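Number of protein chains: 2
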Amino acid sequence: MNATAVSSFPCVHIVGCGLLGTSIGLALTQRGVAVTLEDSSPAAVDLARDYGAGDAREDTSAVPSLVVVATPPDVVGSVVSASLRAFPEATVIDVASVKKQVYADVSGDAARFVGTHPMAGRERGGAVSARSDLFTGRPWVICEGEEPRRSRVREFVQELGGIPVDMDATQHDEAVALVSHLPQIVASVSASRLGSATPAALSLAGAGIRDVTRVAASDPALWVQILAANSTAVLPHVKALRADLDNLISALENTSAKGARAQIASRLQSGVAGVSALPGKHGVSSELASLLVVIDDTPGQLARLLTQLGDWGINLEDLRLEHSPGANIGFAELSVSKNVVSVMEQKLVEAGWKISGETE
Amino acid sequence: MNATAVSSFPCVHIVGCGLLGTSIGLALTQRGVAVTLEDSSPAAVDLARDYGAGDAREDTSAVPSLVVVATPPDVVGSVVSASLRAFPEATVIDVASVKKQVYADVSGDAARFVGTHPMAGRERGGAVSARSDLFTGRPWVICEGEEPRRSRVREFVQELGGIPVDMDATQHDEAVALVSHLPQIVASVSASRLGSATPAALSLAGAGIRDVTRVAASDPALWVQILAANSTAVLPHVKALRADLDNLISALENTSAKGARAQIASRLQSGVAGVSALPGKHGVSSELASLLVVIDDTPGQLARLLTQLGDWGINLEDLRLEHSPGANIGFAELSVSKNVVSVMEQKLVEAGWKISGETE
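Protein chains in written order, with the numbering used here: chain S, 1 to 360; chain D, 1 to 360.
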């Protein structure tokens, strides 16, 4: 582990010993920072302390230079305000998924508050899921704050391995409404349809339905708070989506009507344009190509495949496994830059791999 | 390549030289079956013949015992009817994504027709994307048909490597409406929202939005036909989804109203239940657990990881790569049976791998 001392704040107090709070504590103690812990549940503090995330507050008289508020979203504002009162010199940050409401709720000496949001980890799982390297390589949004406190928070984020992203609270809330909160809603309402599905229908389920519904497994109690807190930014997206569905429904109800098919095609075409706007794996919009390779359903086969790709100097942009019910073989979907795909295909065929078509 | 002769039908005529038709042709010629090809585009026939998928129809006087109709969905019914007339002894099958409309459209000696749908490959990409093993290990739905023709179609499917799934046309259309057509609509309308997104918002895009929108990249021209043909089965799902959105919108518009949060939570909870109904990789509903392992963004690292998993006898149920913009490291999400995850975690840590938390 990296034992470089965190220079920005020598003594940190963490309120909330869930996944994020405990992970921050672990990362800090491993870097030699004095950490104290607090939680409304004494058992949570004990667990986080046992994991090595810091000491209980009563065990020390150290005065924190930074307070990290990592409580559930609905109490963040009041806990930040209380922390500003309790530690009259400290910088206070939070790590909640929604930022405008927190800024609105903070009272007192708010000039010492900086709102942040690490795009890492779900706020579920508690201390048992905590990792000191949870933030490594993850975007960590830093919102409004007064200097020099804000710059020191930025350094702090970098020292924990995060990638600082500067946004104001409004920009942040609008961004996550689109890239995080809307997908959660879409996944949940889509997955709801599966509750009454027949076993026959489920037996045909492929990558499409799995991808669309995956995040629906997230913790409802947490997501109610997030969606309620960011309802202003989320609502326009949900309404626009409903308008598109209304449009599709009217076209599907009379597909022989003039213009009905053009109406459907236009919605689909707009989706093609939208998905191409997503940045590629390396942060730039790029065109990838994929090959499906047939593999035995054994771990050794996949390792052999990837070893060969490495030997050939081919860097995967994405890789997915897929398996049909009842079959003893699987498929590895290899995504690479378009300018590499034909070389990769040739080498794979020469090496005896079977290449399949695209996934349904 | 497997050179076992296909016993069910010694001579096969294929109408439509796209991805599916050409792939079937390739698989058949490699098994020693005489194949003739037909397409409204002479260039498409030439290309498929060059690939080795069969001969042009005019080159032979052989009488097919099976005709495979692999045209775009909107002309399948008329092409099947014409094929029944042209080959008065032959069994005729189609491979379209929607089945009831085809059965309704078929005229003439319909007793010789059996509707089928291989859940493999998108019907785009044409002959250039064709693969003789496209169907290996994939479910292939076989609908109503008279015996003994239907049983021979079933054997044919198995001989091409497919896994026969028996359903009537109504069951099929309802199943794909839910597991294939609804996800396509949801992905398209969600991806449409990204068209006007700011670069800042897109820079925060993680696995959630990518998963939900992935299939939105599919060919709109094809999907208009599929959705229009299956509108009866698709509409109830889209309407139910819109009703859920209406419900969420009204709750989000006044989150402090009595019952509003319970209303949101209930939609989310129903999504959790729905997603758990999806069968696991091996065709049975199973509970998987995932670990995120930090890897260098190089192919060799991932191969080494998978080689070790193989050495330890750990079989992955799913594997995904993830990468944050601007970072030189990536994450491999390893999904295994819940009863294996703690052993895997221990071995990974012992072997020096860094384990991260869950993805956002």
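If you're looking for bench data, these hints aren't it; they were derived computationally from the structure.
Take these hints with a grain of salt, some might be off.
Unchecked claim - Using 20 Å as the maximum straight-line C-alpha spacing, the simulated EDC-like pairs for lysine to aspartate or glutamate come out as follows:
hint, chain 1, residue 1, chain 2, residue 2
1, D, Lys-100, S, Glu-253
2, D, Lys-338, D, Asp-318
3, D, Lys-239, S, Glu-159
Owing to the predicted nature of the structure, the values given are computational and were not obtained by experimental measurement.
Cross-check of the supplied hints:
| no. | hint | in the structure |
| --- | --- | --- |
| 1 | Lys-100(D) <-> Glu-253(S) | 17 Å, holds |
| 2 | Lys-338(D) <-> Asp-318(D) | 13 Å, holds |
| 3 | Lys-239(D) <-> Glu-159(S) | 49 Å, violated |
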